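Participant: Using the hints, position chain B against chain A.
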Amino acid sequence: MNSGGDVPAVVVDGVGMVFNEGTGGEVAALDGIDLTIRAGEFVTLIGPSGCGKSTLLRLIGDLLTPTAGGVSVFGKSAHESRTGQDYGMVFQHAGLFDWRKVKANIELPLELRDWSKTDRAARSAEMLDLVKLDEFGEHYPRQLSGGMQQRVSIARALSFEPRLLLMDEPFGALDEMTREHMQGELLRIWGETGTTVVFVTHSISEAAFLSNRVIVLSPRPGRVHSIIDVDLGERTPDTREDPDFFAAATTIREALRSVGGAE
Amino acid sequence: MIPARTATAAKVIRTVVTTALAILVIVVLWEGYKWTGQQTGGNWPGTGIELPVSTDDVIMPHASDIAAELVSDIRDGRSTLPLSVYLLKKAWFTLQEAAIGFFLGSAIGIGLAVLMLRWRVAERGLLPWINVSQTVPLIALAPIIVTWGRNQGLPDIVSISLISTYLTFFPVAVSALRGLQSPDSAHVELMRSYAAPWRTTLFKLRLPAARPYLFPAFKIAATLSVVGAIVGEISIGTKTGLGRAILEFALRYAVWPERLYASVIGAAVLGLFVFGMISLAERMVLRRTDEVVA
Numbered sequence: 001m002n003s004g005g006d007v008p009a010v011v012v013d014g015v016g017m018v019f020n021e022g023t024g025g026e027v028a029a030l031d032g033i034d035l036t037i038r039a040g041e042f043v044t045l046i047g048p049s050g051c052g053k054s055t056l057l058r059l060i061g062d063l064l065t066p067t068a069g070g071v072s073v074f075g076k077s078a079h080e081s082r083t084g085q086d087y088g089m090v091f092q093h094a095g096l097f098d099w100r101k102v103k104a105n106i107e108l109p110l111e112l113r114d115w116s117k118t119d120r121a122a123r124s125a126e127m128l129d130l131v132k133l134d135e136f137g138e139h140y141p142r143q144l145s146g147g148m149q150q151r152v153s154i155a156r157a158l159s160f161e162p163r164l165l166l167m168d169e170p171f172g173a174l175d176e177m178t179r180e181h182m183q184g185e186l187l188r189i190w191g192e193t194g195t196t197v198v199f200v201t202h203s204i205s206e207a208a209f210l211s212n213r214v215i216v217l218s219p220r221p222g223r224v225h226s227i228i229d230v231d232l233g234e235r236t237p238d239t240r241e242d243p244d245f246f247a248a249a250t251t252i253r254e255a256l257r258s259v260g261g262a263e
Numbered sequence: 001m002i003p004a005r006t007a008t009a010a011k012v013i014r015t016v017v018t019t020a021l022a023i024l025v026i027v028v029l030w031e032g033y034k035w036t037g038q039q040t041g042g043n044w045p046g047t048g049i050e051l052p053v054s055t056d057d058v059i060m061p062h063a064s065d066i067a068a069e070l071v072s073d074i075r076d077g078r079s080t081l082p083l084s085v086y087l088l089k090k091a092w093f094t095l096q097e098a099a100i101g102f103f104l105g106s107a108i109g110i111g112l113a114v115l116m117l118r119w120r121v122a123e124r125g126l127l128p129w130i131n132v133s134q135t136v137p138l139i140a141l142a143p144i145i146v147t148w149g150r151n152q153g154l155p156d157i158v159s160i161s162l163i164s165t166y167l168t169f170f171p172v173a174v175s176a177l178r179g180l181q182s183p184d185s186a187h188v189e190l191m192r193s194y195a196a197p198w199r200t201t202l203f204k205l206r207l208p209a210a211r212p213y214l215f216p217a218f219k220i221a222a223t224l225s226v227v228g229a230i231v232g233e234i235s236i237g238t239k240t241g242l243g244r245a246i247l248e249f250a251l252r253y254a255v256w257p258e259r260l261y262a263s264v265i266g267a268a269v270l271g272l273f274v275f276g277m278i279s280l281a282e283r284m285v286l287r288r289t290d291e292v293v294a
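Listed in order, the protein sequences are those of chains A and B. Read in order, the letters of the first sequence are residues 1 to 263 in our numbering. Read in order, the letters of the second sequence are residues 1 to 294 in our numbering.
Extracted from the complex, chain A is given alone in its bound form (with noise of 0.2 Å):
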């Protein structure tokens, strides 16, 4: 660890996840798993489906309770974290409420925190300019593309400055050309903003390119199989055709393939 005596962003001490717990139908989707993240880090969980990699990202969030071990969020236990609103999250359809414009869409965490007016207004036309959708404020989500929309999903879960982004599939419903450009996009955001960044994501590419690490989990009950350093330096539409990315996504592959999970 370089960072010395920083808080981690998160820790996950020995969590175990078991569903339905004392009924017949028990469902073992994690077994002690440990994990550190670095304050400021992108890292990306994957795995092959039935992993429990989303699972895994609920209990950082403490949209699930595990039932062995613990999650703490900087220095907090997860559910601290969460009622203090440490985090933001992005699921892999953007989640936008139909009825709101995309600007009060933005501001709806703000309006939870009870933000006044000219507050909100003020961050969502920042937020719209870090997704670079300033003509879109008073447009209705489902006016927009999928795309569009996901950077919407972006930038509300980024809007009251959340020191930790959870993200679940978030490009995943995304075309590939739109989803290339959702990459950059994120990255860019992420350089901007400093946030620390989870990541959940089936696609190798994806996570080779976006992550500073790697997590491979392997399938039933999901354990953590290998953990992968990426370093390719600052991301540009080359890196792709780098061979060092090309080196990342094979150890990305070839740990899929011995836990059973490359296409």
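Check each hint, because a few of them may be wrong.
Taking lysine-lysine and the BS3-like style, the derived pairs with C-alpha atoms no more than 25 Å apart in a straight line are [stated by the list, open to error]:
no., chain 1, residue 1, chain 2, residue 2
1, A, Lys101, A, Lys117
2, A, Lys132, A, Lys117
3, B, Lys219, B, Lys89
4, A, Lys101, A, Lys132
5, B, Lys219, B, Lys11
6, A, Lys101, B, Lys204
7, B, Lys204, A, Lys117
8, B, Lys89, B, Lys239
9, B, Lys204, A, Lys103
Derived contacts from chain A toward chain B, CB cut-off under 7 Å, selection only [what the hints assert, rightly or not]:
no., residue
10, Met89
11, Gly172
12, Gly184
No wet-lab data here; the hints were simulated from the structure. Computed from a predicted structure; not experimentally measured. Yeah, the Cβ is synthetic: ideal placement off N, Cα and C, and Gly gets one too.
Facilitator: Relative to chain A, chain B alone:
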């Protein structure tokens, strides 16, 4: 926004034209059937088989006679006035009862839905009773409500509104529950990630999401509220209201059928009016979000 206004105007014209055409078609069918029956002596043309509905002037008065009846005078207390105006006056009274029934019923319906949403136990406990409630015949229930109301010293309009409420709360409760449960898990998880309390989730997420489910229910409830008010008036024996008029004209149907038909038209118009009001409200509330393409 000239194109939008032109579009609205075109829409209004289209509605007026289709309505007029629909009325015309009904009149032509009515008179055509009646004419056929009178030509054949009440049989299907070319056969000896009787028509299902007799075509004489008591069962099927001429459409023109019904229309004429609407403008002919009727005594109302000490004054005389055209039947259509008379019916409008009665309908105004009925509308008030129906409106109270509608709003009270909708509020109760939404309240029950929220209760059922909050506590699964309430859903399991309440839903069967809400369903059973609608199998109790209104005719049986009305005198109970009336007698109770009179014992409490309440005016009859309250009892009639309550009967109307009894019909309206049901569709609203059922649809509101579905609507409140309609947000998908990502929306609910999002609110959870904000640590939003249950009430905030209700007002910011669930209730707005329920609106598309609520309006169809409101339309059914509005029409039912008129039915409830009319049935309430008839079973209570009030001195005024559309139900009273229908009852009076029904008693004299054998000698004056045009009047009953005219009052039925009055009830239908009232039903259409409340339906239209809800549609208008729906348009105003939901239109904004339905616009597509930037």
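Participant: Need the status of pair A/Lys101, B/Lys204: alpha-carbon distance at most 25 Å?
Facilitator: 13 Å, holds
Participant: Measuring from the C-beta of A/Gly172 to each C-beta in chain B, is the shortest one below 7 Å?
Facilitator: 12 Å, violated
Participant: Check whether the Cα positions of B/Lys204 and A/Lys103 lie no farther apart than 25 Å.
Facilitator: Roughly 15 Å separates the two Cα atoms, so the pair holds.
Participant: Is B/Lys219 within 25 Å of B/Lys11, Cα to Cα?
Facilitator: 20 Å, holds
Participant: Has the given pair, B/Lys219 with B/Lys89, been kept, meaning a C-alpha gap of at most 25 Å?
Facilitator: 23 Å, holds
Participant: Is the straight-line distance between the alpha-carbon of A/Lys101 and that of A/Lys117 25 Å or less?
Facilitator: Holds. A/Lys101 to A/Lys117 sits at ~15 Å (cutoff 25 Å).
Participant: Would you mind confirming whether the straight-line C-alpha gap from A/Lys132 to A/Lys117 stays at or under 25 Å?
Facilitator: 22 Å, holds
Participant: Does A/Met89 pass the interface hint, meaning its C-beta sits closer than 7 Å to a C-beta of chain B?
Facilitator: 4 Å, holds
Participant: Run the distance test for A/Lys101 versus A/Lys132: straight-line Cα separation, threshold 25 Å.
Facilitator: 16 Å, holds
Participant: Can the restraint linking B/Lys204 and A/Lys117 be considered satisfied, given a maximum Cα separation of 25 Å?
Facilitator: 16 Å, holds
Participant: Taken at face value, is the distance from the CA of B/Lys239 to the CA of B/Lys89 at most 25 Å?
Facilitator: 13 Å, holds
Participant: Going by Cβ atoms only, is A/Gly184 closer than 7 Å to chain B?
Facilitator: Where the cut-off is 7 Å and the nearest Cβ of chain B is about 23 Å from A/Gly184, the hint is violated.
Of the hints listed earlier, those the structure fails to meet are numbers 11 and 12, in rising order.
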